[in-house]
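Colleague: Since the structure of chain A is already known, use the hints to place chain B on it.
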Amino acid sequence: MESDGTYTLRLTSADDAPFAFAASPAFARDGLCYAACGSGLYRSADGGAAWDLLPTSPEPVTTAVALSPAFSDDRSLFAAVKGGVLRSADGGDTWFTAGFPAPPPVFSSLAVSPDFERDGFLLAGTLEDGVFSSSDRGRSWQPWNFGLFDLNVLCLALSPAWMEDETAFAGTETGLYRSTNGGRAWRHTGFPAELAPALCIACLVDERSRSARLLVGTESNGLMASCDQGETWERLAADNLSEAVNQLHVDANGGVTLYAMTSDAVMRSDDGGLSWSDLIRVEGVATAMLPLGDILLLGVQGKGLMRLPLE
Amino acid sequence: MSEDRPFHTQKSYQPGLVFQPDVHRNIAAGINKLVAAIRPTLGPTPRTVAVTRLDDLRKTPEVLDSGGVIARKVIEMSQRDEDIGAMLARALICTQYERMGDGSATAAVLLGAIYRGGVHYLAAGGNAMRLRHFLERALAAALEGLDELTAPVSGKDKLARVAEAICHDPPLAKLLGEIFDIIGAYGQLDVRKDHSRVLRREYVEGMFWNSGLVSRDMIVNQKELQTVYEEPTIVIADFQINDPRHIMPMLELAVDHKVEKLLLIAGELSGDAVAGLMMANGKLKNFAVMAVRGPGMNPDDRQAAVEDLAVMTGGVPLLKVMGQNLKDIRREHFGGARRAWASTQSFGIIGGKGDPRQLRRHVSNLQAQYAREDDSERLDRIRARIGKLMGGSATLWIGGLSESEIEARKASAEATADAMRAAVRDGVLPGGGLSYLTARERLQPKMNGATDPDERAANRILYEALAEPARAIYENAGYEPGEVLGRIAQAGDGHGFDVLHGRLLDYTSLLDGASIQKMALKNAVLTAGLALTIDVLVHHRTPEIARDFG
Chain A
119 MESDGTYTLR LTSADDAPFA FAASPAFARD GLCYAACGSG LYRSADGGAA
169 WDLLPTSPEP VTTAVALSPA FSDDRSLFAA VKGGVLRSAD GGDTWFTAGF
219 PAPPPVFSSL AVSPDFERDG FLLAGTLEDG VFSSSDRGRS WQPWNFGLFD
269 LNVLCLALSP AWMEDETAFA GTETGLYRST NGGRAWRHTG FPAELAPALC
319 IACLVDERSR SARLLVGTES NGLMASCDQG ETWERLAADN LSEAVNQLHV
369 DANGGVTLYA MTSDAVMRSD DGGLSWSDLI RVEGVATAML PLGDILLLGV
419 QGKGLMRLPL E
Chain B
1460 MSEDRPFHTQ KSYQPGLVFQ PDVHRNIAAG INKLVAAIRP TLGPTPRTVA
1510 VTRLDDLRKT PEVLDSGGVI ARKVIEMSQR DEDIGAMLAR ALICTQYERM
1560 GDGSATAAVL LGAIYRGGVH YLAAGGNAMR LRHFLERALA AALEGLDELT
1610 APVSGKDKLA RVAEAICHDP PLAKLLGEIF DIIGAYGQLD VRKDHSRVLR
1660 REYVEGMFWN SGLVSRDMIV NQKELQTVYE EPTIVIADFQ INDPRHIMPM
1710 LELAVDHKVE KLLLIAGELS GDAVAGLMMA NGKLKNFAVM AVRGPGMNPD
1760 DRQAAVEDLA VMTGGVPLLK VMGQNLKDIR REHFGGARRA WASTQSFGII
1810 GGKGDPRQLR RHVSNLQAQY AREDDSERLD RIRARIGKLM GGSATLWIGG
1860 LSESEIEARK ASAEATADAM RAAVRDGVLP GGGLSYLTAR ERLQPKMNGA
1910 TDPDERAANR ILYEALAEPA RAIYENAGYE PGEVLGRIAQ AGDGHGFDVL
1960 HGRLLDYTSL LDGASIQKMA LKNAVLTAGL ALTIDVLVHH RTPEIARDFG
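In the order they appear, the protein sequences are chains A and B. Residue 119 is where the first sequence starts when you use my numbering, and the numbers rise one by one after that. Residue 1460 is where the second sequence starts when you use my numbering, and the numbers rise one by one after that.
The reader is advised that the hints may include incorrect statements.
To be verified - Residues from chain A that face chain B, not an exhaustive set, calculated with beta carbons under 10 Å:
1. Pro221
2. Pro223
3. Arg257
4. Gln260
5. Pro261
6. Gly265
7. Leu266
8. Asp268
9. Glu291
10. Gly293
11. Thr298
12. Ala303
13. Ala314
14. Cys345
No lab work stands behind these hints: they were computed from the structure. None of the values given here were measured: they were computed from a predicted structure. By construction, the Cβ of each residue, glycine as well, lies at the ideal position given by its N, Cα and C atoms.
Extracted from the complex, chain A is given alone in its bound form (with noise of 0.2 Å):
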């Protein structure tokens, strides 16, 4: 630990940084929270001070993770390995895998249903296989491709309103594309093919407006919004957010607060997004992010894993 209250854990490469974090939604009591790292899965139990690698698989490289939204009665959570994604049923102590079909995929991103309890839905996005859905809790998977034209998928994303709409978004290097069915089939968004690709997603409900509202990070664009399920887009904050929009996160606060990662920051919006403002500025390539209350999670090129207070 340092003056400053930063913890930093050094991976085993130079390398090597998180792709992903994951933290139980009761993280404010339990302090659990996941690391998806090249050289595999981190878990801590103190809130990120201290991290053990969990025995995942024999392919050390986990390129995501995602618990499920009962965490604290289910215990499950899921990890992407090359060729397959992991799922747990006690917190990361033990695992079991699914099959998929030849060749390997390599997984990108995973979705978990916000009403998983009752209908054990996930999804699981791919760098050129599309998109997997598994309706068995991760027992099995299906490609479900029907009318996604571009396999690169690389981020995916549930509407808030998931149990009534069943809408996702995927986004791909050549544009969003939109399903209203649970995944089964894919349609294209307007969203402009110049500003792909769409590097993250995040679906917001506006607690104050009522209104629901999509924001897509880009890479040479900043960020984009749409109030209609993708049919039209704006870019939000010209000014101050240019660069790569590499993740976004929602504050479950009513979709007021949200944090954006470029390549070299931290940015934080208490507007839905309108104006942003330096949370952090990283020395480094940041790989990760994940606000938790007090603390941020931040995976960085070169540093590997650190937490970080936050004011």
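Modeller: Just chain B, lined up with the frame of chain A:
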């Protein structure tokens, strides 16, 4: 439209000319007879029509409830003047059925009402040509009214409601709702007979063509009788390969580029060329090749398949028209995919490595071509191409208790599928004749405001005809049409009548395909307008023999 009048047993007709008022009276009689035969099939409680079999009168008659199918079975009327009217109506009904799969009874009922109203007006001294002109103007206003009511449809539950309004078969409608929610307007759907007693559906990932391996010796998995390649390189050529020496440059280039699996899609391969490939399979280390025949039954289809495969896989095809052969192959001719499979009957590609932007543009161009096309065969071909490029297909298996039940359900599923495509593509309207009732509001001011008597008459005729489909539906369900229309009017805008449960309801819960209803109305008005202008009939002598038109 098909002119399938398979057996036409002509009577001994004398030549002659027929003048008014017989022309209108007799054409009306012909139209009315055919409309009366089809009218009972309109709505969710259709009654049936029994038709004797053409091939053997001793066989059990066919019992039908589809207006389009019934019209096709009506070959001629015994009275020659009536025959002309009936065949005009038949042409309208068959066109509607073949193009849309639904709406044929609606078109028939509209035609009957418009022609009847028109003849009454002409008998009172109206001008047929002017009436036709104003009918077409009134049609434009009514279509604008329908456009305003048209709404897009999505979601399996809504689509199932649309399907149920067409096929009146809830289990089939439920499956079709789910299928069309996934495959959309252009997706590939095969409807097949099944040996089981139930309905089931299956979805297949990727694209496949009914064209297989050039040799059984290329089958690797003898159990499943197919060969599967991971990460294959794909070469597409549209010509026949006869000389085995021509395949050498391709094999050399593949080995130079460390290709491990090669799929060759070519017009045809000679025995020697196949032997050359088999030799490469045996001799080259870490290398395997298979070849399939290029898909397509005719040059147009073959060219289209080559174009689609090239876009999908990112390979540049080798084309005969460019004077190319396999000796000209270069690196850019190589396409790729995540997986490819082939059997002796078919082959498929999953995860083609073509440029997704180009693929989207290609599909958009095909969709634009589809919107411009009129010919039903070409429409089917374009739709099939788009369906393949969408990345998957669905198969609906139709089971049942007997062969005849399966046949009937399969025909119903196919017709409903056509209508569903139109509904997904062009949106939906309130069903049960309600959209026509609502569109009448567009005609009301024109009817009251017109100073020209022919214009006023045309608006009135169409205004009254637009209520006829709803009246027929209520009548067929055993209700008094006037009473039901009164209840709807009393309930106010946005209400309809559910004939199955005998209650008023929000009209958006009854859905019909918009383009089906628009086409039925448009063609009924155009046919009626044309029929009203017929003033003289000319009959020729016909030979007294049975002629086979088949």
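Colleague: Determine for every hint whether it applies to the structure shown.
Modeller: How the hints compare with the structure:
1. Pro221: 4 Å, holds
2. Pro223: 9 Å, holds
3. Arg257: Because about 19 Å separates A/Arg257 from the closest Cβ in chain B, which is outside the 10 Å limit, the hint is violated.
4. Gln260: 8 Å, holds
5. Pro261: Cβ of A/Pro261 sits 5 Å from chain B, so the hint holds.
6. Gly265: With a closest approach of 5 Å, the A/Gly265 hint holds.
7. Leu266: For A/Leu266, the interface hint holds, since the closest Cβ of chain B sits about 6 Å away, which is under 10 Å.
8. Asp268: 3 Å, holds
9. Glu291: This interface hint holds because 7 Å falls under the 10 Å limit.
10. Gly293: 8 Å, holds
11. Thr298: 6 Å, holds
12. Ala303: 4 Å, holds
13. Ala314: A/Ala314 check passes; min Cβ-Cβ to chain B is 9 Å, inside 10 Å.
14. Cys345: This hint is violated: A/Cys345 lies away from chain B, its Cβ roughly 18 Å from the closest one there, beyond 10 Å.
Hints 3 and 14 from the earlier list are contradicted by this structure; the remaining hints agree with it.
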